[in-house]
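*Asks:* Listed below are the residues making up each chain.
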Amino acid sequence: MNADGPVVNVHVLFFAKSRELANTPRSTVDVPTEITATELLDHLVSKFGLTSIRDNLILAHNESYIDNLSDRILFKEGDELAVIPPLSGG
Amino acid sequence: MDHVKLVNDPIDIAHIHQLLADEGCGASSVFVGTTRDNFQGKKVLSLAYEAYDSMALKEMNKICSDLRSKWLDLKHIVIYHRLGTVPVCEASVVIAASSPHRSEALESVSFAIDQLKTRVPIWKKEIYEGDNDGEWKENKESIRPKKSKSGFNYAACPCKVEESHDVPRTLVQIRVNDAELTKRLECFVNRKRDEINSQNVIDFKSSFVSSDKDLSDSCARTQSTIIKQEQSNCHLKVRRVNNRCGPQQMEMRPNYELELNKLMGSRDGQTDPIKEMRKSLPNSRLQAIESYMGLTTDNEENIFSRIKRVENRLLQLESISPEYRHFTKREPSSMEAAPPKKIRKKSYSAQELSAFIQKIKDGSEFS
Numbered sequence: 099m100n101a102d103g104p105v106v107n108v109h110v111l112f113f114a115k116s117r118e119l120a121n122t123p124r125s126t127v128d129v130p131t132e133i134t135a136t137e138l139l140d141h142l143v144s145k146f147g148l149t150s151i152r153d154n155l156i157l158a159h160n161e162s163y164i165d166n167l168s169d170r171i172l173f174k175e176g177d178e179l180a181v182i183p184p185l186s187g188g
Numbered sequence: 000m001d002h003v004k005l006v007n008d009p010i011d012i013a014h015i016h017q018l019l020a021d022e023g024c025g026a027s028s029v030f031v032g033t034t035r036d037n038f039q040g041k042k043v044l045s046l047a048y049e050a051y052d053s054m055a056l057k058e059m060n061k062i063c064s065d066l067r068s069k070w071l072d073l074k075h076i077v078i079y080h081r082l083g084t085v086p087v088c089e090a091s092v093v094i095a096a097s098s099p100h101r102s103e104a105l106e107s108v109s110f111a112i113d114q115l116k117t118r119v120p121i122w123k124k125e126i127y128e129g130d131n132d133g134e135w136k137e138n139k140e141s142i143r144p145k146k147s148k149s150g151f152n153y154a155a156c157p158c159k160v161e162e163s164h165d166v167p168r169t170l171v172q173i174r175v176n177d178a179e180l181t182k183r184l185e186c187f188v189n190r191k192r193d194e195i196n197s198q199n200v201i202d203f204k205s206s207f208v209s210s211d212k213d214l215s216d217s218c219a220r221t222q223s224t225i226i227k228q229e230q231s232n233c234h235l236k237v238r239r240v241n242n243r244c245g246p247q248q249m250e251m252r253p254n255y256e257l258e259l260n261k262l263m264g265s266r267d268g269q270t271d272p273i274k275e276m277r278k279s280l281p282n283s284r285l286q287a288i289e290s291y292m293g294l295t296t297d298n299e300e301n302i303f304s305r306i307k308r309v310e311n312r313l314l315q316l317e318s319i320s321p322e323y324r325h326f327t328k329r330e331p332s333s334m335e336a337a338p339p340k341k342i343r344k345k346s347y348s349a350q351e352l353s354a355f356i357q358k359i360k361d362g363s364e365f366s
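First to last, the sequence lines map onto chains A and B. All residue numbers for the first sequence refer to the working numbering, where the first residue is 99 and numbers rise by one. All residue numbers for the second sequence refer to the working numbering, where the first residue is 0 and numbers rise by one.
Treat the hints with care, since some could be wrong.
Here are the simulated BS3-like pairs of lysine-lysine, each with C-alpha atoms no more than 30 Å apart in a straight line [as the list claims (entries may be wrong)]:
1) 145/A x 136/B
2) 145/A x 124/B
3) 116/B x 145/B
4) 61/B x 136/B
5) 145/A x 139/B
6) 41/B x 61/B
7) 145/B x 61/B
8) 57/B x 145/A
9) 57/B x 174/A
10) 307/B x 261/B
11) 124/B x 136/B
12) 174/A x 145/B
13) 41/B x 182/B
14) 145/B x 124/B
15) 61/B x 174/A
16) 307/B x 360/B
17) 145/B x 145/A
18) 57/B x 124/B
These are calculated hints, taken from the structure and not from any lab test. Since the model is a prediction, treat every value here as computed from it, not as a measurement.
In isolation and in its complexed conformation, chain A is listed as follows (with noise of 0.2 Å):
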């Protein structure tokens, strides 16, 4: 991901399995200021290590569900990223 436009810092958060396989709650990434979600999602899973459960992963952006990856995602300093596992609540 070496874009060419500006980059901000987020902070990324890992939940369940893929907090494990993480081995860390949260970190922060450097991410460009527009990029879409695929190429997010690919980046994140080879910097942490998530290859086993890609497809199976989802994204969220400020708490909000990225339903779409070929989505395009703007990002501002300080935002909150989260890699969500399929749930299993209730």
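Following the hints, put chain B in place on chain A, whose structure we already have.
*Replies:* Below, chain B alone, put in the same frame as chain A:
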């Protein structure tokens, strides 16, 4: 009022009832989800829940507002979810609603637990006997990454069309997103299917029903009148089948009657072909025999004299070439003389033949 909470201690059901209480409500529905002590034959020792707290509360509040927009009469809504370690058989989630009548309360609670399992970011890990690692569970309802239905990402193939480029008049350029394109393709396919179906129905229906329709290019093999079965939405009853040839073939098919008459020698196409055929039938059969025998006759001649001439001709042919008889012979009648006994031809060996030839040669030498 909405009561939404993530708690670390056991949930007090009596307290939930107090939250629901309202003088105007005749119904309170409470769903309690409890933890099981087994999973696929494995004994569950303990369960641990964790949540993305802030987002979980946000999603739970969203569920409340969804419920209120769907069931306007709801009075109180309670959504409590327990986090941390939960012993087996204890409540992990409680969803409750009160309303003046029971249907709203019952339906809304059912809807809410489905939504919670789908959207609220909470995870459960089960620790089994003899397995220290445990297993993260997955709700089958859980929100999951969308997979493209067609498996083809249109957006990944940007189509660059220069503005100056002239698009042929026969083509239509459509600029829409994937979802819209998929929808349009689906609509197009559906419409085509409907067209074919309706055309098939028209083909199948009797031409008497819609006589104004031109059926010359119809492909229907049968034409029938179909009527709707009583008390059924889809079953059609075939009332009659006209099992004629396909209408599209009518022009190509020979008119058999006319052709037959021609063959039978009826030269008068003006008169009724059937009558003409019957009248000329014995005549034409006789004519065929006569032409085969090489006789030239006049149609107006007496039929008996014509038969006599055919007989004479047969006798003459038999006398000049006896083998001809084999071709005209029918079953031997009792009147006829028994056929002459066949003379067995003597067969010769090669030696006898050479001796015979030698004899002839000798004879010729003598003479």
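*Asks:* For each hint given before, does the structure comply? Return the numbers of the non-compliant ones in rising order.
*Replies:* Of the numbered hints given earlier, those the structure breaks are 6, 13, 16, listed in rising order.
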